[in-house]
Structure formats: structure tokens, C-alpha cells
Amino acid sequence: MAGLTPGLLLRPGGPLHPADTPRTVAVAAELGPEPGPDRLTVRIRLRGGTVVWSGLMYPGADETVVEEVRFRPEQYLGEIGRAYAALRRPC
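2 is the number that this note's numbering gives to position 14 of the sequence shown; each next residue is one higher, with no gaps.
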């Protein structure tokens, strides 16, 4: 699988930053001459005081399907900022 680089995903105002208007972010796609139908995407939006990732389909701890996860904006944006800063630090 290939996708956007972490620097592009995490940059300020980048694809993982939430907005009132939902956006679908292709996090990874099948490798090949052209991206195939196998893609890992997430729909991100700011709904009230919550960052919502939807369009998910994975088994939860209780084996029910998880279709949506929610984050507090301050924690979510803090983690994106922390990860972006770590990418920018020289090794």
C-alpha cells in the first residue's frame, strides 16, 4: 500500500485537519501502475465540538463493527501537531 506522506497528511491545514465540510482522505492505496480500487479512506469532519472519522469498517473489541470514531478537537489537533513536529526534527 502507498499513500500520502506523513508530512502531507499531518501538515497544518492538511488533509487530516477537520473542517465543518466533510472531506474524504485517501490514507493509502494499492500499489501498481495506477491506484486500484483497494483504498484506505476515512471521512473527516468537525461536528459541533467533536472531530468525527466515519466510513470505517473494522471489528471493535466486542466484535461489533466500528463505523465511526470521535475525538475531542484539542486532543486530536494536539496529536497531529506533535506528530508533525516530530517529523520536522532532525534525526
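Just so you know, the hints here were simulated from the structure itself, not pulled from any lab data.
Glycine included, each C-beta is placed from N, C-alpha and C at the ideal position.
Careful: at least some of the hints might be erroneous.
Simulated restraints on C-beta separations [stated by the list, open to error]:
#, residue 1, residue 2, range
1, -5, 37, 16 to 22 Å
2, 61, -4, 19 to 25 Å
3, 50, 1, 32 to 38 Å
4, -5, 50, 18 to 24 Å
5, 16, 74, 19 to 25 Å
6, 12, 77, 18 to 24 Å
| message | Output the indices of the hints that this structure fails to meet, ascending. | response | 1, 4, 6
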